[in-house]
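Chains A and B, in that order, give the protein sequences. With UniProt numbering, letter number 185 in the first sequence gets 185, and the count goes up by one each step, no holes. With UniProt numbering, letter number 132 in the second sequence gets 132, and the count goes up by one each step, no holes.
Incorrect hints may have been included.
Note: identical chains are not told apart, hence a pair may lie in one copy or across any two.
With a Cα cut of at most 27 Å, we get these calculated DSSO-like pairs of lysine-lysine [what the hints assert, rightly or not]:
1. Lys460 / Lys567
2. Lys460 / Lys474
3. Lys347 / Lys278
4. Lys389 / Lys46
Read the hints as simulated data drawn from the structure, not as lab findings.
One letter stands for each residue in the lines below.
Protein chains: 2
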Amino acid sequence: MASKAQVLYDFTAEPGNNELSVREGETLTVTNQSIGGGWIEVQNSKGEVGLVPEDYIEIGKPGGGGGPPALDLSFFDSQPAAATSTTTHSQASNGNDPWAAFSTNANAGFSTNANAGFSNNWAAQPQGTETGRTSTHDPWGSAAPPHPQAYQGPGADDDEWDDEWDDKSTGGYGESEGGEGGAINRGGATGTSMKIKFPSFSKSGPELYLLSKPAPKGKDRLLIYMGEVGPIWSYPEAALDCVVADPKKGTKMYGLKSYIEYQVSPNTTNRPVNHRYKHFDWLYERLLDKFGSAVPIPSLPDKQVTGRFEEEFIKMRMERLQGWMTRMCRHPVIATSEVFQLFLSYKDEKDWKMGKRKAEKDEAVGAMIFSTIDPEGLPDLDPIDVEHKCEQFSRFTRAMDDGVKDLLTVGQEHWKRCTGPLPKEYQRIGKAFQNLSSVFNSSGYEGEATLTDALTQAGKTYEDIALMVAEQPKKDLHYLMETNNEYKGLLGCFPDTIGVHKSAIEKVKEGDKLVATSKITPGDKITMAKRASTMSYALQAEMNHFHSNRIYDYNRVMRLYLEEQVKFYETIAEKLKHAHSQFTAM
Amino acid sequence: MASKAQVLYDFTAEPGNNELSVREGETLTVTNQSIGGGWIEVQNSKGEVGLVPEDYIEIGKPGGGGGPPALDLSFFDSQPAAATSTTTHSQASNGNDPWAAFSTNANAGFSTNANAGFSNNWAAQPQGTETGRTSTHDPWGSAAPPHPQAYQGPGADDDEWDDEWDDKSTGGYGESEGGEGGAINRGGATGTSMKIKFPSFSKSGPELYLLSKPAPKGKDRLLIYMGEVGPIWSYPEAALDCVVADPKKGTKMYGLKSYIEYQVSPNTTNRPVNHRYKHFDWLYERLLDKFGSAVPIPSLPDKQVTGRFEEEFIKMRMERLQGWMTRMCRHPVIATSEVFQLFLSYKDEKDWKMGKRKAEKDEAVGAMIFSTIDPEGLPDLDPIDVEHKCEQFSRFTRAMDDGVKDLLTVGQEHWKRCTGPLPKEYQRIGKAFQNLSSVFNSSGYEGEATLTDALTQAGKTYEDIALMVAEQPKKDLHYLMETNNEYKGLLGCFPDTIGVHKSAIEKVKEGDKLVATSKITPGDKITMAKRASTMSYALQAEMNHFHSNRIYDYNRVMRLYLEEQVKFYETIAEKLKHAHSQFTAM
Numbered sequence: 001m002a003s004k005a006q007v008l009y010d011f012t013a014e015p016g017n018n019e020l021s022v023r024e025g026e027t028l029t030v031t032n033q034s035i036g037g038g039w040i041e042v043q044n045s046k047g048e049v050g051l052v053p054e055d056y057i058e059i060g061k062p063g064g065g066g067g068p069p070a071l072d073l074s075f076f077d078s079q080p081a082a083a084t085s086t087t088t089h090s091q092a093s094n095g096n097d098p099w100a101a102f103s104t105n106a107n108a109g110f111s112t113n114a115n116a117g118f119s120n121n122w123a124a125q126p127q128g129t130e131t132g133r134t135s136t137h138d139p140w141g142s143a144a145p146p147h148p149q150a151y152q153g154p155g156a157d158d159d160e161w162d163d164e165w166d167d168k169s170t171g172g173y174g175e176s177e178g179g180e181g182g183a184i185n186r187g188g189a190t191g192t193s194m195k196i197k198f199p200s201f202s203k204s205g206p207e208l209y210l211l212s213k214p215a216p217k218g219k220d221r222l223l224i225y226m227g228e229v230g231p232i233w234s235y236p237e238a239a240l241d242c243v244v245a246d247p248k249k250g251t252k253m254y255g256l257k258s259y260i261e262y263q264v265s266p267n268t269t270n271r272p273v274n275h276r277y278k279h280f281d282w283l284y285e286r287l288l289d290k291f292g293s294a295v296p297i298p299s300l301p302d303k304q305v306t307g308r309f310e311e312e313f314i315k316m317r318m319e320r321l322q323g324w325m326t327r328m329c330r331h332p333v334i335a336t337s338e339v340f341q342l343f344l345s346y347k348d349e350k351d352w353k354m355g356k357r358k359a360e361k362d363e364a365v366g367a368m369i370f371s372t373i374d375p376e377g378l379p380d381l382d383p384i385d386v387e388h389k390c391e392q393f394s395r396f397t398r399a400m401d402d403g404v405k406d407l408l409t410v411g412q413e414h415w416k417r418c419t420g421p422l423p424k425e426y427q428r429i430g431k432a433f434q435n436l437s438s439v440f441n442s443s444g445y446e447g448e449a450t451l452t453d454a455l456t457q458a459g460k461t462y463e464d465i466a467l468m469v470a471e472q473p474k475k476d477l478h479y480l481m482e483t484n485n486e487y488k489g490l491l492g493c494f495p496d497t498i499g500v501h502k503s504a505i506e507k508v509k510e511g512d513k514l515v516a517t518s519k520i521t522p523g524d525k526i527t528m529a530k531r532a533s534t535m536s537y538a539l540q541a542e543m544n545h546f547h548s549n550r551i552y553d554y555n556r557v558m559r560l561y562l563e564e565q566v567k568f569y570e571t572i573a574e575k576l577k578h579a580h581s582q583f584t585a586m
Numbered sequence: 001m002a003s004k005a006q007v008l009y010d011f012t013a014e015p016g017n018n019e020l021s022v023r024e025g026e027t028l029t030v031t032n033q034s035i036g037g038g039w040i041e042v043q044n045s046k047g048e049v050g051l052v053p054e055d056y057i058e059i060g061k062p063g064g065g066g067g068p069p070a071l072d073l074s075f076f077d078s079q080p081a082a083a084t085s086t087t088t089h090s091q092a093s094n095g096n097d098p099w100a101a102f103s104t105n106a107n108a109g110f111s112t113n114a115n116a117g118f119s120n121n122w123a124a125q126p127q128g129t130e131t132g133r134t135s136t137h138d139p140w141g142s143a144a145p146p147h148p149q150a151y152q153g154p155g156a157d158d159d160e161w162d163d164e165w166d167d168k169s170t171g172g173y174g175e176s177e178g179g180e181g182g183a184i185n186r187g188g189a190t191g192t193s194m195k196i197k198f199p200s201f202s203k204s205g206p207e208l209y210l211l212s213k214p215a216p217k218g219k220d221r222l223l224i225y226m227g228e229v230g231p232i233w234s235y236p237e238a239a240l241d242c243v244v245a246d247p248k249k250g251t252k253m254y255g256l257k258s259y260i261e262y263q264v265s266p267n268t269t270n271r272p273v274n275h276r277y278k279h280f281d282w283l284y285e286r287l288l289d290k291f292g293s294a295v296p297i298p299s300l301p302d303k304q305v306t307g308r309f310e311e312e313f314i315k316m317r318m319e320r321l322q323g324w325m326t327r328m329c330r331h332p333v334i335a336t337s338e339v340f341q342l343f344l345s346y347k348d349e350k351d352w353k354m355g356k357r358k359a360e361k362d363e364a365v366g367a368m369i370f371s372t373i374d375p376e377g378l379p380d381l382d383p384i385d386v387e388h389k390c391e392q393f394s395r396f397t398r399a400m401d402d403g404v405k406d407l408l409t410v411g412q413e414h415w416k417r418c419t420g421p422l423p424k425e426y427q428r429i430g431k432a433f434q435n436l437s438s439v440f441n442s443s444g445y446e447g448e449a450t451l452t453d454a455l456t457q458a459g460k461t462y463e464d465i466a467l468m469v470a471e472q473p474k475k476d477l478h479y480l481m482e483t484n485n486e487y488k489g490l491l492g493c494f495p496d497t498i499g500v501h502k503s504a505i506e507k508v509k510e511g512d513k514l515v516a517t518s519k520i521t522p523g524d525k526i527t528m529a530k531r532a533s534t535m536s537y538a539l540q541a542e543m544n545h546f547h548s549n550r551i552y553d554y555n556r557v558m559r560l561y562l563e564e565q566v567k568f569y570e571t572i573a574e575k576l577k578h579a580h581s582q583f584t585a586m
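Next comes chain A alone, as it looks inside the complex:
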C-alpha cells in the first residue's frame, strides 16, 4: 500500500471533489489504489490526502497504472503530446473554451494584455493550461483545445453513472494562454480513462443522404414552411422552457468522491427530474449525432466554467447549463425531439434507461437527419441559389464571429480595469481625502469640524464608489459577456454545419460528370439536386431561427446592460450629491 508514485503532469484539483492538486515531478505515497474510475488516492509530502487521475502519475512498482496502449490517432492533425489524450468533435471543440486562443483571432488594433492580473472572483483561477491543440480541424483559426478528461471509455457499462468525470475547467473570463504555445497538454492519459469521439456526421458526409431513398412521411418529419422572413422550421404552439436549479451534492465511493445533481423542471410537466453534468453531456452527444448536420449544437459549458470556490463553480456551471438548456428548448427541432423530451420528462429510472438505449441505437443520425426534413410544398431550389445562400450564411456567421470576439476582447479588458486598477484608484482618492481630513483635524484651529467631517464623508464616498466599480461588472458586463460567449460557441459550430452543405453542393455540381462516367443515373442526379434543395431549406430555416434568436438575445442583453449601467451611474451621482451637500455653501 505504501508504494511511491511520481507525478507525470500537473493536475489541479477541482474544488469539493476530494481531489489533490499535484505538480509534475512531485513524489507521492499511494494510499489507495483500488478507488476505481481512473482515480488513485495519494498522499503528498505535506501529508495531504486526495485523489488524482491514475494517468497523471507513475507508480513505483510494476503494474501500478497501465491500461491498454495508446491508440494510433496520428491521422488527426494534433500535437504529439495531445494526440493520444483526447479528441472530440471539432464542432464541440469550437465552443469548448471560446476564451482560449482568442487573441490569435482577435481583430487587429486590440492589444490583449494577457499577463495582467485578472481577478473576478469566480473566474480567476486558471486551472491547468490549454495550449495543445487537439481538435481535428480549426475552421476559423480559433478552435480551443478540449481539456483531457479522465472519464470512462465508451465500453463502460452505461448504467454505471457514478463516476465523477465532470471535467476540470478553465476559462471563464480569466486569462487564456492562447493556442500557439508549445506546452505539454495536461493529459498523457491513455486507455481506460479516455473517450474518443469521432465526428460521425462529417465522416459520413452528405453523400449517404443525397442518394438515399425518400423517407416515409411519418410523424417524425421535420416540416419547413415559408414564413415572412423565408423558410422557417415548424414551431410548436407552446414554447418549451425549463428551469435548472437546486444543485445538490451527492457522494459515492464511501464519500471519497462527490458529485452535483441539478433539478431540471420543464414547463410542460412542472415535475423536476434530476440530472448530473454527465447526463447533460450524454444529451449533448445524442443531439450532436442526430442533428449536428442541420442544427449547430453548441457544446456544453464544461470547459468554460471555473471557480475559486466550490459554490461559485457550481453556481456558474448551473447558470451556463441553464443557458444551454434554454437555447435547446427554444429550438423547434431539438425541443420536439424524443431524446430531448426524454431528458426533460422521463417518468422513472426504467423509463430513462429504456429511452437512453433507444436513443443510442437511433440510426437517423449525421446527414441522414435531412431525410426526415420536409419542405412541404415548397418548390425545389436551383443549385445556384443553394450555393449562393450557403455562401451568404458563411460570410455572415464568420463576420459575426469576428464581431463577437471583438466585443469579448474589449469586455475582458474592461472587466480587468473595472475590477483591478480603477477601484484601487478610487480607493486611493478616498483615502487621500480622509488623510487630509485627519491632518486638518490636527490643526488645533476652531471651526474645523464641518470641513473635516465633510472631507471624511467625501473620502468614504469614493471608497464606496471603488467597491461599486469593482462589483459592477458582475451585474452587467457579466451578462453581456455570457451572451457573447454563448454566441461565440454557437458560431463556432457553423463552419461544420455549413461544411456539410458545401460538400453536398460540390457533389451536386459533379452530377453531370458522374452521370457521364455512369457513376450515377440521370435520375440520381435529379434526386441529388432535390435533396440539396431540401438541405438548403433546412439551412435557411436554421439561419432564420438563429437570426430571430439573435435579435431577441442581443436586444435583451443590451437592455439589461444599459439598465444596470444607468443605475450604476445614477447611484454614484446620488452618493456624490450627498457628499457635496456636506460642505458649507458659500
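Since the structure of chain A is already known, use the hints to place chain B on it.
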C-alpha cells in the same frame, strides 16, 4: 555672419517667442549675433531660423559667446553643472515646481508610474529637464530645482523692461523626472544671462531684530489682535481683490521677440494697470524680501506652467497669476503694503518708476519686519509657550504637506487614467457595439433595423462617454489639483518661516549664557524674550490666517469638484438612459 555654432545643451523653444528648439550636438548657422539680451539668431540644417540663448551654443570663431567667468558658488549644495547656472531663494524653490521630485517624497504605498504617457493638453510638453538641484537647502526633501533662466543680471538698467526673460517652463501635471537623477541641467549659462538671488532674510537671521531698538509706533505698524481663534492680523474693512485678464502680445527688437502683458484690475480703483510676467516677479522678490520672515510668500507659478500651444500656455499662466494675486490680496499684511498697492494702482509710468525705486531701497526687510509688528496690549508669551506653538505649527504644516502631496500623486495618476486608457476603452466598447451593429445589418434578415439602430446608438453613446471621460479632469480635477498645487507651494515656504522662529527661540534659550559671558545685558535678555513673543504672535496670526484661508479654499474646491462630478455622472446616466430606450422593450 555665416559662422557656425555647436549646440551645447538641448533647448526647447517657448511657443510664440520666435525661439528655435535645438538639440545638443546640432550644428547651426549664426544669422544674427547682435540680437542682444543673451539671445542669438540661428538657422538650423532644415533652414528654420529662430533665437537661442547664447549660452546654449558655442560659436565656431573666437569671441562668439563668452561673458564673465562663472561665479564660484560651490558653497551652495548643488550639482556642479547646475551650480553656476542659477540659484534662488530656497523659499522660492520650494514652490517652484511642486511636481518635480515629487515621487521622492510621496507616501509609501503609492507607486507613481513616471514613464507612462500623460497627455492633458496644456501640460503635456516636458520642456527641458529639471534634475539638477540648485536650491540652497531642501527642508523636506522635496525642493524642486529652479530652471535656468536667461534673464538680465542684477546690474542691468531697471528701466529696461523689454527683455523677454519669461522662463521656459515645465511641470503642470506632466511627468517630472524627480530630483534624484544625474542628468545635466539645461543651463550651463554664465555671466550676463544669470541672476543670483541670495536668501536675504535667512542670511540676516533674527538676531538683528531680537536686539534692535523698538520701532516708533507709526502708521506702518502691523497690528495683531486677539480674535476668537487666537491672535489674528488686523484685517482691512474691505477685502481687496483683483482680476488678471486680457493678455496682450507685444513685440520688441523689431518684432524678433515677443512678450505678453496682462491687465490687472483691483476692486479698489477698477482701473486696469498693465504688467508683464517679470513685473510680477519683481513684486514677488520685494514681498519675499520684506515679509518672507513672517509671511510665507508662495513663489510665482513660473516653473509650473507650460503648454503645447501658446494660447494654452498664456491661459494657464494667467490663471495661476490670478490665483497668486488673489492669495496676496487676501493677506492683510501684503494687501495693505505700499509695494503691493503700488503694483495694483500706480497712476502712471513716473509713479511706477518712483515707487519701484523706493521699494527697492526699503530697509525694513528680512527679520526687521517684526519690528513693525505690534501685538497691541497682548501679554508677553512665555518662551516655553512660544516654542510649543512653533513646534505645533511645524508638525501641522509638515503633515499637511504630506497630505497634499498624497492627493497630488493620486490626482496625477487619476488624471492619467482619465485622459489615457479609460476613454480609449470606452471608445473600444463603443466601436465594438457599432461593429456588431454593422455585422447584424448585413444579415439580410428582415426586422433587423430596430436592433441595429439601437446598437449603433449605444456604440455612439460609449464614444461620447469616452470624450466626456477624457474632458472631465479639466472641469473638476484640474481645480482640485491647482488648489493643492498652490498649497504645496505655500507649505513649501513654511520651513523657512518657521526656521526664523526656531532660530530666535534658540537665541532666547541661550539668554542666560550670553548674560553670564557678558555678551548681552540682563535687559537685552528681557528684550529678546519680548521680541520672541512678538514673533510668536506673528506666527500664530499667520497660522490662523492660513487656517481660515485653507478651510475656505478646500471647502470651495471640494464643492466645485463634487458638483462637477455629480454633473458628469448624471450626464452619463442620462445618455445611457436614452441609449437604453432605443432597444425594444420585451
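Between lysine 347 and lysine 278, at a C-alpha cutoff of 27 Å, which is it: within one copy, between copies, both, or neither?
The answer is within: 19 Å in one copy meets 27 Å, while 95 Å across copies does not.
Treating 27 Å as the Cα threshold, decide for lysine 389 and lysine 46: within, between, both or neither.
Neither, since 63 Å and 61 Å both go past 27 Å.
At most 27 Å between CA atoms: does that hold for lysine 460 and lysine 474 within a copy, between copies, both, or neither?
both (22 Å within a copy, 23 Å between copies)
When Cα atoms must be at most 27 Å apart, do lysine 460 and lysine 567 count as within-copy, between-copy, both, or neither?
both (20 Å within a copy, 19 Å between copies)
Hint compliance for this structure: hint 4 is the single one not met.
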